[in-house]
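Q: Residues per chain, in single letters:
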Amino acid sequence: MAQPAGLLYSKEHEWVKLDGDVATVGITDYAQASLGDIVYVELPRLGATLEQFNSIGVVESVKAVSDIFTPVGGEVIAINDAIESDPALVNREPFGGGWFYKVKLGDVSQTGELMSPEQYDRLISET
Amino acid sequence: MLQAIGVASLDELVRVPAALTLRSPLAVTPQLSESEIADRFAQFAARTTAGGYTSFLGAGAYRHYIPPVVGALAMRGEFLTAYTPYQAEVSQGYLQATYEWQSYIALLTGLDVANASVYDGATALAEAVIMAVNASGRKAVLVSRAVHPNYRAVLRTYAEGLELTVDELPYRADGRTETASLDAALADQRYAALVVQTPNIFGVIDPLTSADSARAAANGTVVIGVVAEALSLAALSTPASWGARICVGEAQSFGNAVAYGGPHVGFIAAGNEHLRRMPGRLVGKSVDAEGRIAYVLTLQAREQHIRREKATSNICTNQAHCALCATIYLAAMGKTGLRDCAALNLARTRELRDAVTAVDGFSARFAAPVFNEVAIRVPGRASDVLRALEDRAILGGLDLGRFYPELVDTLLMTATELTTSADIARLAGALAEVETRAAARI
Amino acid sequence: MPPPAFDTPLIFECGQDGRANCYLPRGPQLETLLPGDLVRDELPLPDNSELDVVRHFTRLSHKTFGIDTVFYPLGSCTMKYNPRINDAMANLPALRDLHPFAPDHAAQGALAVMWELERALASLFGMAAFSLNPAAGAHAELTALLIAKAYFAKRGEAHRNVVIVPDTAHGTNPASAAMVGFRVLSLKSDARGRVDPAALAAVAGPDTAVCMMTNPNTLGLFEDRIGEVSDVIHRAGALMYYDGANANALMGNTRPGDMGFDLMHLNLHKTFSIPHGGGGAGAGPVGVAPALVPYLPVPVVRAYEADGSPAAADGWRDSTGLRFALDFTAPDAVGTMRSFWSNFAHMVRALAYIYANGAEGLILTSQLAVLNANYIRVGIADVVDIPYPEINRHEFVASAQSLKRDTGVRALDLGKALLDRGYHAPTVYFPLIVPECLMIEPTETESKETLDAFIAAFREIVAAARIDPESALGTPRTTPVGRIDETRAARQPDLRWRAPSTESG
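Chains as they are written, first to last, in my numbering: chain A, 1 to 127; chain B, 128 to 569; chain C, 570 to 1074.
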């Protein structure tokens, strides 16, 4: 399955969309499909400072819980309230309305450690 | 059967490496028939003589009237021998009863949600502290010294594993928790939780003031209310009303025997903001494929069998059957029976206090209002008074000196609806004799 | 009897004022006893007549499976018959109504029960001593790991903080380890489904604190190289922990102590026939090797001869004539784990069970448990996958992988189809290392007739599913409700009743 272009990906199945020094983060379609019906997402607090690749929240489905390892570090400047009231949005639109949070990047070069759509595609086809 | 399996003997089936075979016979009991077992345990019962004493013991385990209907229903084999209701389709009855338990606890505490129960009051407190630690990321808690000493001991045991600091707040001369230094203690924002118990270990009704609760909340400290005598919830202002956001405690009083300490039944109730951190099982109401109301264990992803080392707690079992007994008890007693029971406990304890303090040399240790137990200052050592009472077939209460070095002259005496005026008169009469003897010795 | 068709409203939706029962004398008004600001405003609970209460809970019981009504081939759970004599003994008024703060001299019989049980368990499992303090299996794991932590701290080896857990372990093992600040290292089992001593040696080292195992493991396989495994761990300076969840497989036949385990727990509600009660209360005694005895939680039951000297006993000994005391003072104890001493009523039940069996009976118990499990395995081996086709112990795992590939019918569906046939489902999807796993444990108390009927039902379900998968997919159909919308339950948690008037708020 082809991954949306223009995004960057992490080994932990998060995606990052860059807009200047602001990064939007969510989980991939592959991640939502593996978890099944998502029932709850615990997001970082607005204003919190995240360190890249740290566990900063959880995604909970009926049968599983998965940590969110933030693919980028920086200050949280927005969180997606919509998925709090309607967590199914993450299942329906993982790359769109189901985004998690936005981070103002301290250091833009950190995205160098993330994968291209093609690289991520290879990763999930191997597992 | 052996033939079907393809082995020649049972021995072949259960064979283990030679080094692991038993080298000496097992030293276990002889094998007895059922009638002989009954006889053997009648001997154990005969050697357990406490039933022959008039008892004023309480302090976290309470003798209350249990209507026979509780045992008659709870001992039905479908309940007694059921497994954990993971197969919800064939466990609807138990699941509904547990949902009713959760509802009763939420209604009694005034909080939003309650879990399906935990081991007992002390472990409920430890689990609640873990909830607060996980919510705040802080590694210290502030606990009133008037919280049950056994509960604090268990908290210390858990704190050892979790590497938490447990600091204590003193109690005042009137028996309530001293909160004068609270402002300063909370201000540096290092406490995950502030723990008080009401009624506290001295029987004293000891809620936080709403102002103190608000101060704790403003500093990011979770207020945990402990209730070691659940019956008090039927009479006293709810923990939610004075600001507790988590309420834990012991519900043995609801239809469960004291049974030398267990099994009892702990509860955890909390505000919605703590729901996802609640340990243990939760029953939720949903529907089946045809839209019929159906109950099911829910939010299981938090639990140990899925999250493993990242679970909210390692807790697996709940006290389902004890919680069932409590639920049946609450249903049978109803609000009228519970109110009456609580009022009788208050009245009998007042009668006990008045009778005991009328004896020369005995006085109430604390002035604040109590629920169903009262701390009594005695002439001399409480342990000596207890022994003298035991000689008169009375268990006079708990020697608080066991836990509080400054209270070696203080007994905690408990009266419930089962305590009669005759019991109280007997106690007062015996104390008068004890007092005379103590005075004569001087 | 089929489940009743009638609905059972919540207890809060029944009852009305004036229907209170007369269990107690009327009490005075609360306001006459307490300052008004201490009294709660309202008590929003229903008053129901006793008949309505009886009918409510009896109907609920009709909608609940128990061992008393059906066979539970539930792997890892040891759902054996619960003899009623045990409950009767626990219900003796002298024991049932004994207050935990009663003085020792008035509690001698109860202390004797605890001591005799503790001594019998020590002999049965090859441990120096047991503590009856922990409330359940997971609680016992926590206790044991606290003991290990205290032991290493005392030896100046506080740096040991790694717990090795095979991938066949119960989920509570890693969760317990995390609660004492230990790091979990998961160890993959070998092709035979067992721990490979060489693989273990590669990861065990100076930071290893404990290796947690169960034997037989959760695949139902005996860890036949357990001696070598223990040697590896002991050479690394670490401790071996035995998770007693599967103790019914070997009780009396071989002992964890002889395998090299230093710490262990038992689930008395499994092996020792205590009713599960719908998920508790349980009981989880912790046993230890001699070096760890000082760390057991308090209180400890001490026994004395008539002359006051400490009573010696290798295993069980008749307590008649001995004196007992609760000791709270052990200086190295890890503390105490619970409000009061033990789940005592369960100790009575467990000791009654031991008396009912004696050594011979307990040995035979585990042998028959193994026999019954193997009998079911060979009875269904040609209709489902058996990933480890060898002699198993008290339980075995099967897999519905081929069936799922061919028909779409999963392990879950087979379990649900069994409900319609009047059987509890096996444990499904555990252990995690076997796909479409069905874990089956019949216990020793089931007759050959019951096992044959179960095997026949299982075979019929699989055969029917191969012809028409729908026959299994929509099950259960005869139960009070069908499959439940778990997603809805988790997305919109409804965990309690609320009065209708406040629902809008």
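Hint data in this document are derived by calculation from the structure and do not stem from the laboratory.
For each residue, glycine too, the CB sits at the ideal point set by N, CA and C.
Among the hints, erroneous ones may be present.
Below 30 Å or equal to it, Euclidean Cα-Cα: the simulated DSBU-like pairs (lysine-lysine) are [stated by the list, open to error]: (1) K63(A) <-> K723(C); (2) K63(A) <-> K102(A); (3) K973(C) <-> K266(B).
So the derived label-pair ranges between C-beta atoms look like this [what the hints assert, rightly or not]: (4) F53(A) <-> F897(C): 28 to 36 Å; (5) A722(C) <-> N54(A): 36 to 44 Å; (6) G528(B) <-> T889(C): 50 to 58 Å; (7) S85(A) <-> P613(C): 22 to 30 Å; (8) N399(B) <-> P613(C): 17 to 25 Å; (9) F53(A) <-> E726(C): 41 to 49 Å; (10) N660(C) <-> E93(A): 53 to 61 Å; (11) N54(A) <-> S1016(C): 54 to 62 Å; (12) E295(B) <-> A768(C): 22 to 30 Å; (13) P613(C) <-> Q119(A): 30 to 38 Å; (14) N660(C) <-> F53(A): 25 to 33 Å; (15) D887(C) <-> A146(B): 47 to 55 Å; (16) E400(B) <-> A722(C): 47 to 55 Å; (17) D310(B) <-> Q119(A): 39 to 47 Å.
Q: If a hint holds in the structure, say so; if it does not, say that too.
A: Cross-check of the supplied hints:
{"no.": "1", "hint": "K63(A) <-> K723(C)", "verdict": "41 Å, violated"}
{"no.": "2", "hint": "K63(A) <-> K102(A)", "verdict": "27 Å, holds"}
{"no.": "3", "hint": "K973(C) <-> K266(B)", "verdict": "48 Å, violated"}
{"no.": "4", "hint": "F53(A) <-> F897(C): 28 to 36 Å", "verdict": "48 Å, violated"}
{"no.": "5", "hint": "A722(C) <-> N54(A): 36 to 44 Å", "verdict": "30 Å, violated"}
{"no.": "6", "hint": "G528(B) <-> T889(C): 50 to 58 Å", "verdict": "34 Å, violated"}
{"no.": "7", "hint": "S85(A) <-> P613(C): 22 to 30 Å", "verdict": "28 Å, holds"}
{"no.": "8", "hint": "N399(B) <-> P613(C): 17 to 25 Å", "verdict": "19 Å, holds"}
{"no.": "9", "hint": "F53(A) <-> E726(C): 41 to 49 Å", "verdict": "32 Å, violated"}
{"no.": "10", "hint": "N660(C) <-> E93(A): 53 to 61 Å", "verdict": "59 Å, holds"}
{"no.": "11", "hint": "N54(A) <-> S1016(C): 54 to 62 Å", "verdict": "57 Å, holds"}
{"no.": "12", "hint": "E295(B) <-> A768(C): 22 to 30 Å", "verdict": "48 Å, violated"}
{"no.": "13", "hint": "P613(C) <-> Q119(A): 30 to 38 Å", "verdict": "59 Å, violated"}
{"no.": "14", "hint": "N660(C) <-> F53(A): 25 to 33 Å", "verdict": "58 Å, violated"}
{"no.": "15", "hint": "D887(C) <-> A146(B): 47 to 55 Å", "verdict": "32 Å, violated"}
{"no.": "16", "hint": "E400(B) <-> A722(C): 47 to 55 Å", "verdict": "36 Å, violated"}
{"no.": "17", "hint": "D310(B) <-> Q119(A): 39 to 47 Å", "verdict": "56 Å, violated"}
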